[in-house]
Each structure stands twice: as C-alpha cells, then as structure tokens.
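**Q** Here's the letter readout for the chains.
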Amino acid sequence: MVDINGSKPIYIQIAEWVENEILRGHFKPNDKVHSQYTLADMFNINPATAAKGLNVLHDDRIVYNKRGLGKFVTDDAKAIILEKRKNETLKRLLRDVVIEANHLQIDEQELRDMLEDVIRDHKGEKT
Amino acid sequence: MSLNKVTTRQIVMKQYQYKLKAYYQVFNSMVILQVIALLFSTGGIMFRGGRGFGLDISLNTYTADMIIIFTFLWAFINAITITTKAYREDDFIFVTNRQTQHLSNMLFLITASVIGGVTAVLVGYLNDIIFFFTTDPKTFAGYSELITPFDVLTGVVATSLYVLMFCAAGYLVGVIIQLNRIFTVIIPVLIIGFLIVGGQTEGIPVNVRIYLFYVGETDVLLFMLKSLVTSALIFAGSFFLLRNKEVRV
Amino acid sequence: MNVIETTGLTKTYRRMNAVDDFTVTINDNTITGVIGRNGAGKTTLLKMLAGLIKETSGDVRVFHEHPFNSLYASANSILIDDQMLFPEALTLSELLAQGARFYPGWDEAFAQQLFDYFSFEPKQIHEHLSKGKKSTFNMIFGLATRCALTIFDEPTTGMDAAVRKDMYRVLLKDYLAHPRTILISSHHLEEVEHILENILLIDDGTLHLHKSVEELKEYAVRLTGPTALLGQWLYNKDVLHKKQHSSDMMEVVVKRDFPLEQAERMGFHVTPVAPSDVCIYLTAKSEGGIDDVFK
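Residue numbers (our numbering), protein chains in the order written: chain F, 2 to 128; chain Z, 363 to 611; chain U, 989 to 1283.
Hints are supplied without guarantee of correctness; some may be wrong.
[As the list claims (entries may be wrong)] Below are the SDA-like pairs computed for lysine to any residue, each with C-alpha atoms no more than 25 angstroms apart in a straight line:
1. Z:K383 / Z:A448
2. Z:K367 / U:A1165
3. Z:K383 / U:R1089
Worth flagging that the hints you see were computed from the coordinates, not collected in a lab.
The model shown is predicted, which means the values in this text are computed figures rather than measured ones.
Next up, chain F with everything else stripped away, as it sits in the complex (with noise of 0.2 angstroms):
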C-alpha cells in the first residue's frame, strides 16, 4: 500500500505499485492500466498526485498513451522495469549499505562476507 508519511513521494510510490503489478503479471502487455482517478480512489490521494505516477510511467516507456481511452502496458513494459530497478533501486540500497557500512567502520572484507551470507540463507529459504 502507499504510505502518505513515508519517505518516498506518493506518486514515486503509485508508480512503483503500477509496475509490481506489472511484474507479477496483473497487468500484461496492451492492457489498460488503471486511471488516475481509480488510482486516486484506490489510494486515497489527489487524482494529480496519480497521474503524475502515470506520466513516470509513461517516460519509463512502461505505458503508452491511446488517446482518449487511457494508458496501456508496452510489449517490454517487464524488461524495463526490471532494468530500472537494478539500476536504480538496487543501486540506491547498495549504496545506502556502504554509507551506512562506513559510519559502523565495517572493512570492505567483511561487507563482502556479510553480503555473501545472506544470499546463501537466501537461497536456502527458496529450496
């Protein structure tokens, strides 16, 4: 759900939750994606807050417009959210991990190690 007092903007987070449904295939290629006043309704929020997610989206090539009928998933709306997140979201966390490693004096050895265990539990948990 979008969280009104959390750190990310509203219409960061509606984006964000456009392209989830994305990828868990809610929405595929050429479907419709909701308004922004169902968006709007659904969150709780200002219909301009909504479509400025929208046009995120629409910038990202995650959806296209079809005058007058609304916005559409594009064919490689599933590539491009995945490339953004790596570049974007992973990217940030990685580096929030090394601000943070740097204020608790964690050698980068040991980073490393850290970051090694918990893709082993990881995968662990999927088997």
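Guided by the hints, dock chains Z and U onto chain F, whose structure is given.
**A** For chains Z and U alone, kept in the frame of chain F given last:
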C-alpha cells in the same frame, strides 16, 4: 465543472418564498399582539361620564384603534428584526447578492403588511361583534359609520398601506442601526425629542403636518399614492445605505 | 480556465492589512489547501473570494466577475465555515430542501445518503447540534451544492478523528466524480495533504508560496550530524530551521537546492520533511523554535 446562470428575478422569488417559510414566527407574534389588543379594546377605551338634570350619563366609545396601533408597532419591530445580522447572514448561505436580498425583504414586508392590514381590520370588526353581543341593546347608540363592502375594502387597503409605511420605517431604522450600533441610542432619542419638541413651520408643528399629510388625506387614491411613494423612497434609501454591507465579518 | 484571479488584493482592518497585496491565480478542477498560522489572513481572503466582504484595494475575480454582489458568483460558489448560521426556523431536512431550491447543481441523493450515514434526524435544528455535528452538516451541505467553486474554511472543527477521515474521503470521492475547484483551509495540513493538489501558504496576509504538494515535499530536507561539521557545511545553504540535539549533534532543515548525495557523502543523516513541517518552518518568526524560549 459546470457553471449555472441565474437571473435576479428567479433568485428574488426564491428568496421571497424562503422568507415566507423561515420567518413564519413573525405572524405568530402578530396574532398574539392583535388578540391582546382585542382584549384591551373590548372594555371600551374612552369613557365619559356626567351628571345633570337628574340623569347619570356614561358614554363608552368602542374603537379598534388599539388593534391598529398594535399592528403598526408589530410592523415596525418586525421590519427591524429582519435587518439584523443573523437574518442577513442566513440569506448568504443560499444564492443572493445584496440587491436580491433587499428586494425579497421588501416583498416579504409588503406581504406582511397586507396580512397585517387584513387581520387588523377583521379583528376590528370582531371587536364590534363581541361588543354587540355583550352590551345591553338599549344602551347601544349605533355605529359611527355604516359598513359596506367598499368600506371594508378601503379599510383594508388603507390599513395595509399604513402598516407598510411602518414596515418601511422600521426597515430604515434597522438598516441605520446595522451601520453603527450607536444609532440604537440616537434614534429613540431623536424620535422622542421630535415628538415632544417638534419643529414648527408656519405655526404648525412638523409632526402634526406629517400627520395631516397622510391621515388628513380624504381622497383614497391620493392617499394610496402618497403612502406608496413614501414607502418606496424609504426602501430605496435603505438599500442605498446597505448596498455595500459586508456579512459574516 | 482561471476560476480565481486576484491582483494586489488588500483588506485593511483598523489600519492593519489582514490581506496584503495578494496576487494569485487558481485553475479550475484543482483542490488547493490554504495554509497559514492563526491570523495569517486565510479567512479574510476566503471571505473576499466568496463575496461576503469587500476588498480595500486591488482586484479580485471569481469566474471573471467581481464576487461582491455578483449573483453569478454567488450561484456558483459557496463558503463553508464553522461560524455558519442557518435559519433557526428550519429543520435540517428543510435546509436541504432549500439548498436544492437555490443551487442549480444540488445533488439530492448525495445529500440524503450522507445525511443518513452520519445519522442526522430530519427534524433536528442546526443550532442545537454539537460543534462536530454542525461541521459535518455544513460540509455535506457544501458538497451537495456542487458549486464550481467550493470553499471550506476549517471545515472539520469539532469533528472526531474518524469523522474527519470519512469526510475527507467523501470530499475526494465526490471530487473524482464531479471535478470542480475546491479550496480548503486547515490547521492540520497532515490530515488533508494527501487529497490536495496545490498548497497556498499565507503568512502575515501575503502569499508565501503557491506550489504543488509534490513540489513542497521535495522543497526541504532534514539533516542530522555533528554540530561542527554540519555547521561548517551550512555556510551557503538556505537554513529554515535549526535544532541542537546535544552539545555535539545538530539537526537542520535546509532548502533542497543541492544533490542529496552531497550531504549523504558527508555522513549526515538525511530525512524528508513533511509539507506541514515545511509550512511551519517557512512561516516561523525565527530560525529556532519554542525551545529557544527556554534557553
């Protein structure tokens, strides 16, 4: 977004109908006042007695003056009431501007005057009827005038027009008070002072002149003209004074 | 279309400017929050827009007309506030009936549904309602008019938290179904900001800023770090607020006109500042806060 056009005429009528509904207590107070006046009147308001030639004479004159006077008073106060803050602010919850507000107030006061005039005259006749059945016929000297339908009609019209003038006067007084509270003191002082001292023109006090101007007018049509013009002028003056009055300040 | 246009709008009371040289334009189909401290001039501004009071100088246009004494503006706008008096002779249901007679766009079904939902009784008298109930009724009345310009001045006075939440939800849903221009003034920006598109910040009767809520969210950041380091780093920054946590830790709110990485690289803790806080800091009388009084 859709924008709606409305006309002054539409809104004046809507405000007028709203006021008939919202101000109905005004008529309750009128009925109460007229009943009180009736009770006062049935005892006879003038009494003259005398002795002579071995006879006791007592002469009671029964008139409906009290009812009329109370109705005037009611009109005056009622008109002041509708100029007060609460009443003016109510209008602005609905669609209005100051022009439609005044026009609908005027229509309401005209209606109130007609109702006041008709009831005052009818209650006056009721007074006569009560008198007729409660008095010894042998001592009944007769009516001071004959009643014809035309008499009743002129009576109603004239009374209504007087009531309207009192409404207009009350409205003006109310408006002036709305401009500045200090007039709540100044106006009564002026009125009382004027009644006591009066001004004099050519030896006749101004208040007597005013009285003669209206009451002394024997031509019904001329009287109607005089009273209507007077009321219209006072209403116009009131509107002029309050045309820029702010609300909910 | 511009619904509201003011230029140099000024209102003077006893030689004090309650609203001072105020110039603003508000587009149709937006929800704008009118934010400011007590006595900032919000109410005076809103009453001029509603045509209830008259400007001392400058100009105000609502639907391209001067609202004071414009029947057109009156038919298409309404001001709802907590000091509204309704005629005492009419019951609540009669008031709704009058609303339907006067306002061409009145939505009877909507009014009735909310009337029932908030459990009003048709025979109740407005004057006898509790403060919160009055506010609820007023808001229902205001929304039901469907006026192209609907102004709410502190509409939730006296309502409990649940009703406030409900009413703002109602307002948003009704706006989505029937877009129009809505102004809301409130002391509690955090309660309404999610439904707002723009914010109009008023301070001492003047327009402080007019921005979208999203812009305002990115207007400033809060930095926390060692006093010596942070203090030095701040020398050319626009500081809105300063607070000393301890002798060597400090918190500052600065205008965000630099890349955030810059601050993060310095090791400062960077957190966003809520729009309501931005408004408080922007209209604060000094850089410090109430804590300074106790020094």
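**Q** Give a verdict on every hint.
**A** Quick rundown of the hints versus the structure:
1. Z:K383 / Z:A448: holds, 16 angstroms
2. Z:K367 / U:A1165: Roughly 22 angstroms between the alpha carbons, so the hint for Z:K367 and U:A1165 holds.
3. Z:K383 / U:R1089: holds, 13 angstroms
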